[in-house]
Every structure is written in structure tokens, then in C-alpha cells.
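K.L.:
Quick mapping for you: the protein sequence lines, in order, are chains A and B.
If you use the working numbering, the first sequence corresponds to residues 1 to 283, in order.
If you use the working numbering, the second sequence corresponds to residues 284 to 545, in order.
Treat the hints as calculated values from the structure; they're not laboratory data.
Among the hints, erroneous ones may be present.
Stated by the list, open to error - Pair ranges (Cβ atoms, derived): (1) V408/B with L198/A: 51 to 61 Å; (2) W41/A with T526/B: 49 to 59 Å; (3) G316/B with F217/A: 51 to 61 Å; (4) S361/B with Q246/A: 20 to 30 Å; (5) T356/B with F39/A: 17 to 27 Å; (6) V280/A with G341/B: 55 to 65 Å; (7) F38/A with E379/B: 36 to 46 Å; (8) A28/A with G341/B: 28 to 38 Å; (9) L45/A with H390/B: 25 to 35 Å; (10) V273/A with G420/B: 43 to 53 Å; (11) S361/B with G43/A: 27 to 37 Å; (12) E250/A with R330/B: 39 to 49 Å; (13) Q246/A with R339/B: 22 to 32 Å; (14) P475/B with P59/A: 43 to 53 Å.
Ideal Cβ positions, reconstructed from N, Cα and C, are used throughout, including at glycine.
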Amino acid sequence: MSDRGVIAVEGFNPPIPERRSEPMPSVAGSVTGLVNGFFEWFGSLGIFSWQVFKAAVTPPYEWRELIRQLDEVGSKSFPLVALAGAAIGVIISLEARYSLTRFGAKSMFPATLVYSVIQVMGPIITGLIVCGRVGAGMGAELASMKVSEQIDAIEASAINPYRLLAATRILACILMLPLLTLAADASGLLTGWFAQSLVEPLSFHQFIASGFKGATFNAFLPQTFKTAVYGLIIGLIACFQGMRTQGGAEGVGRAATNSVVLGSLFLILADVVLVKLILVVFP
Amino acid sequence: MAIAYDIAMKEAEPELDGSAPVVVAEDLRKTFGSHNVLNGINLSVNRGETLAVLGRSGTGKSVLLRLIIGLETPDSGSIRIHGQNIVGLALDRMGEIRKKMGFLFQHAALYDSLTVAENVAFPLVHHRKDMSGSERGERVKQLLAEVGMEGNLAKMPSDISGGMQKRVGLARALALEPEILLLDEPTAGLDPISSGEIDDLILKLQRERQMASIVVTHDLHSARTIANSLALLDQGNVVIEGTFEDLQESGIGFVKEFLKQS
Numbered sequence: 001m002s003d004r005g006v007i008a009v010e011g012f013n014p015p016i017p018e019r020r021s022e023p024m025p026s027v028a029g030s031v032t033g034l035v036n037g038f039f040e041w042f043g044s045l046g047i048f049s050w051q052v053f054k055a056a057v058t059p060p061y062e063w064r065e066l067i068r069q070l071d072e073v074g075s076k077s078f079p080l081v082a083l084a085g086a087a088i089g090v091i092i093s094l095e096a097r098y099s100l101t102r103f104g105a106k107s108m109f110p111a112t113l114v115y116s117v118i119q120v121m122g123p124i125i126t127g128l129i130v131c132g133r134v135g136a137g138m139g140a141e142l143a144s145m146k147v148s149e150q151i152d153a154i155e156a157s158a159i160n161p162y163r164l165l166a167a168t169r170i171l172a173c174i175l176m177l178p179l180l181t182l183a184a185d186a187s188g189l190l191t192g193w194f195a196q197s198l199v200e201p202l203s204f205h206q207f208i209a210s211g212f213k214g215a216t217f218n219a220f221l222p223q224t225f226k227t228a229v230y231g232l233i234i235g236l237i238a239c240f241q242g243m244r245t246q247g248g249a250e251g252v253g254r255a256a257t258n259s260v261v262l263g264s265l266f267l268i269l270a271d272v273v274l275v276k277l278i279l280v281v282f283p
Numbered sequence: 284m285a286i287a288y289d290i291a292m293k294e295a296e297p298e299l300d301g302s303a304p305v306v307v308a309e310d311l312r313k314t315f316g317s318h319n320v321l322n323g324i325n326l327s328v329n330r331g332e333t334l335a336v337l338g339r340s341g342t343g344k345s346v347l348l349r350l351i352i353g354l355e356t357p358d359s360g361s362i363r364i365h366g367q368n369i370v371g372l373a374l375d376r377m378g379e380i381r382k383k384m385g386f387l388f389q390h391a392a393l394y395d396s397l398t399v400a401e402n403v404a405f406p407l408v409h410h411r412k413d414m415s416g417s418e419r420g421e422r423v424k425q426l427l428a429e430v431g432m433e434g435n436l437a438k439m440p441s442d443i444s445g446g447m448q449k450r451v452g453l454a455r456a457l458a459l460e461p462e463i464l465l466l467d468e469p470t471a472g473l474d475p476i477s478s479g480e481i482d483d484l485i486l487k488l489q490r491e492r493q494m495a496s497i498v499v500t501h502d503l504h505s506a507r508t509i510a511n512s513l514a515l516l517d518q519g520n521v522v523i524e525g526t527f528e529d530l531q532e533s534g535i536g537f538v539k540e541f542l543k544q545s
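Between the sequences and the hints, there should be enough to build the whole structure, so can you do that?
P.N.:
Right, here's the structure in full:
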């Protein structure tokens, strides 16, 4: 054994590579990179949003593609959203009945269920379900089109891809989210009432009359229509991530994942702002 | 003021002289990061002429086509289509220029959610609103017959071979009756028989339609068959431009090596 820790073979002395002292990336460098990436992403999103807005408000309008996307986002998400709403209705019913009975406020059950489903759970659950289904689908579809040059082919055919692909999808999300939220709310109220009536018979008419007693439109409509903003976020993030994809299958996967993760994150953050805004504007 | 406006309009007006080159690229430069892809390319193509751009992989041949159709923007230089500089044109104005161009992508880039017939009809649906559904259907059939794909209207792109996809891509590129045809590696990845068929098809279309064509390829045999002139690219520069015989007679080392290896 040589002093260099290498088994010595006679006549064979391989050169030992010198240890390179590669500089470790400094903390300041990493932070600068992160900050640059952050601003680059938001800058690109801003430019993308402007391009989509310009394309959306100028003719020709892509009615046929918009209708296809309304179907894709709306009717194809309906069963999933209705099922999620139904599950939420049952969960709230079980939890609320238990808590209200403990505090001797059982008569408040219909109102608790109605307010919980329509004001809180219905909109956010619908947003998250649609973000998972539609956001991932859109992100992956557009990313796949991008890496296989189909988006370039659209542009080369003198068709504005922002108008045909992005504007139609985003608009479909904006229009469909409030409708899907209504479906989730209706489904939740129905199953919530059903779960309650299995334990303690209560007519649906009584349940609705008691639940909505003293309620105004201001209590429910802003909460439902705020989901149009969720739709904007879901569509915009998914189209942006899809249409800026680079790299093959890995890029497509990354676009789909980022569409869902970032879409969900921004949706929840937007909800914080929207809830406060609604409380201020519609007291 | 009015005179100044007139002069400005005349400067912006495209040349309408029939003998003028249809596509002119001047001092075209493009860099990706630190990599210089094109270092001042000059070329021109006339009506009815086919220019083959040859070179090793990664020498910027496809980038050149993407610059001409406006999918990329050059760092400097100009690209004139019928005399009008397209560099920096807004998307909608560029769209008007693109209607005069047909582009065959290297991997055909067919829309995978549409059938063969829908792919070919796609530009017609968006730009020929005057056409009725039956007229459009007839035109699609005619275009697919021209490229020998008339029996595959209802098939999906995933159900046909690479050579057939290129034929469909070619039919789609011809849908708006372009004056300029840009072909990116039309025979790449095809067997010799399919390559020969595609070459024959391009020659036939050239004879019938008299388009100005630019073909990017590293298939020297194909380039020799379909092109009037050839331009050999190396490290972002045109090393030589001329006929195949000019290339054969050239004393430039790279040209000799390229011809020898091809």
C-alpha cells in the first residue's frame, strides 16, 4: 500500500487527480437567485396576462373553442364537484349536530349547515376540486402541445394561440366556477339534510325555511360569485405553466404539478383577501 | 407634414416587383444565452425557387426557419417578405404575413386531438370564413389527395406513420395556398423509399405552384433532388451558397468534408 492509500501495482502508477476546490455557492448567491426567479416568474405572468387580455377583447372571437372548454370545465367537473359537495354536507351535518347538541343549540342546526356549506366550504372545496382536475389537465395538455410544437404550428398558421388556447380556457373557468359552486352547495345541503333526517326526522321544507330564515342575498351571493376569481386563478396559472413549458415529458409533468400546486396555493391566498373584502363591502 | 407622411408610407410599402426576391434575410444574428447560433446570415429566395439549407446538427438551420416565420426574433438584422421587414411586427400584423407562408415542422406537429381531415381543415376554419362546410370538406379532400392521403381522413395522427404525418403536415401547410413554403427536415427519420416519395411530392408541388421554398435538411441527396441552390451553414455562417456542382468544385475544407461524409 502506498502512502497515498492506493494499492501499488508494479509498473502501474495511475495519476491521482488533484482535489478540486470548487467554490460552494454562497448563501447570498442562492438568495439572489431565488429573488430573481421570483420576480422573473411574476414578470412573465404579468406579460402573459396582458397578452391574453389583449387577445380576449379583440376579434375574432373563438366561440367554438369557448363552448368546448365550457363543456370540458363545467359538465365534466360536475359529478366530481357534486360528490365532494355531498361528502362535505354529510361531514358538516355529523359534526354540527354533535357540537350543537352539546351546547344545547340543536335548533340552530339548519342555519349552521346552510351558512357553513354556502359561505365557507362550498366555494373553497369547489375551487380546490376544479383546480386539481381542470388545472392539471390544462397544464399537461398545453405543455404537451408546447413540447410537440403544436402551439408553434398554431402560431405559424396565423392564429393567435393566446386567443385560441388561453383566453378560451380562462374564460371557461371564470364562467363555470360559480355554477359548479352552486351545484356543490345544493348537493351539500341535500345530503346534510338527509343525514340529519335519518337521525331526527325533519322535512326538507322546514329545513330550508329554518336555514335561510333572515338571510339576505348579501350573505350568499358574494361568497358564490367570488369563485369567478378562483376560476381566473386556476385558468391563468394552468395556461401560463403549460404554455411556457420546456423540456420533454419531464417538463409536461412539471407543468401539470405546478399548475395544481401554485393554483391551489394562490386560490387559498386569494380567499384570505376576498373574505376580508366581502366583509367590508357587504357587511 | 403631408409630404413627410407620404414619404414614410412609400418607405413602408412592400416592393411589388415580380422579379424581386420573395424572402430576403440580411445580416441575421441570433444568440441563445452565450451560444451564437447565427452570425450574420444573408440569403434570398425568388418565386419558384427552392433553397436548401444544409449543415451539421445544431448549426442553426431550424432557427433560421423559425426566424423567417416569426416564431423567434433575431438579435439584429432584417427579414423581408415581399419587401416588408417582419422583425418586430405585432402578432396580428405578423399573422397577415404568415397567411402567405406554409410551414412543415420537423415532426409534423399535427394537432393530436384532431383527425387528419380536421388538421388540414384547421387553417381554413380560421381564415376562410367565406367557405361553406361542404366546400371546406372538398378542399381538404383535394389537399389530402395531392399528398396521397385521401383514404385517411378520419384517422388520428397517432394512428399513422411518421411519413404519413409529414404528408398531412404538408397538406396543412398548403391549405391557405402559400407563396412561401418552409420545410424543416422533411425527410428526417424516414426510410429511403418514403424520403424519395416526399422529395417527389415537393418537386411536384413546386412545379405546380411556383412557390418560394426554403428546405432545411442534412440529407444531401434530398437537397440535390429538390433544390435549385444550396447553402451550407457552419458555426452560424453561410460557408458557401450555389448549385450542387459549385459545392463539388469548392476548395473549402469544410465543404469537402461535408460532401465526403454525406
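K.L.:
Do the beta carbons of F38/A and E379/B sit within 36 to 46 Å of each other?
P.N.:
Hint holds: Cβ distance 38 Å, inside 36 to 46 Å.
K.L.:
Just to be sure I understand the hint, the distance between the Cβ atoms of V273/A and G420/B should be within 43 to 53 Å; is that true here?
P.N.:
51 Å, holds
K.L.:
Taking the Cβ atom of G316/B and the Cβ atom of F217/A, is their distance within the range 51 to 61 Å?
P.N.:
56 Å, holds
K.L.:
Does the Cβ-Cβ separation between V408/B and L198/A fall within 51 to 61 Å?
P.N.:
About 54 Å separates the Cβ atoms of V408/B and L198/A, which means 51 to 61 Å holds.
K.L.:
Should the hint that A28/A and G341/B are 28 to 38 Å apart at their CB atoms be regarded as holding?
P.N.:
Given range 28 to 38 Å: holds, Cβ gap about 36 Å.
K.L.:
Kindly confirm whether 17 to 27 Å is satisfied by the beta carbon distance between T356/B and F39/A.
P.N.:
22 Å, holds
K.L.:
Regarding L45/A and H390/B, is the given constraint of 25 to 35 Å on their beta-carbon distance met?
P.N.:
Check passed, 29 Å falls within 25 to 35 Å.
K.L.:
Holds or violated: the 22 to 32 Å window for the beta-carbon distance between Q246/A and R339/B?
P.N.:
23 Å, holds
K.L.:
Given the range 49 to 59 Å, decide if the beta-carbon distance of W41/A to T526/B lies inside it.
P.N.:
51 Å, holds
K.L.:
Against the range 39 to 49 Å, how does the distance between the Cβ atoms of E250/A and R330/B compare: consistent or not?
P.N.:
For R330/B against E250/A, whose Cβ atoms are near 44 Å apart, the range 39 to 49 Å holds.
K.L.:
Does the Cβ pair V280/A, G341/B satisfy 55 to 65 Å?
P.N.:
58 Å, holds
K.L.:
When you take the CB atoms of P475/B and P59/A, is the distance between them in 43 to 53 Å?
P.N.:
48 Å, holds
The structure agrees with every numbered hint stated previously.
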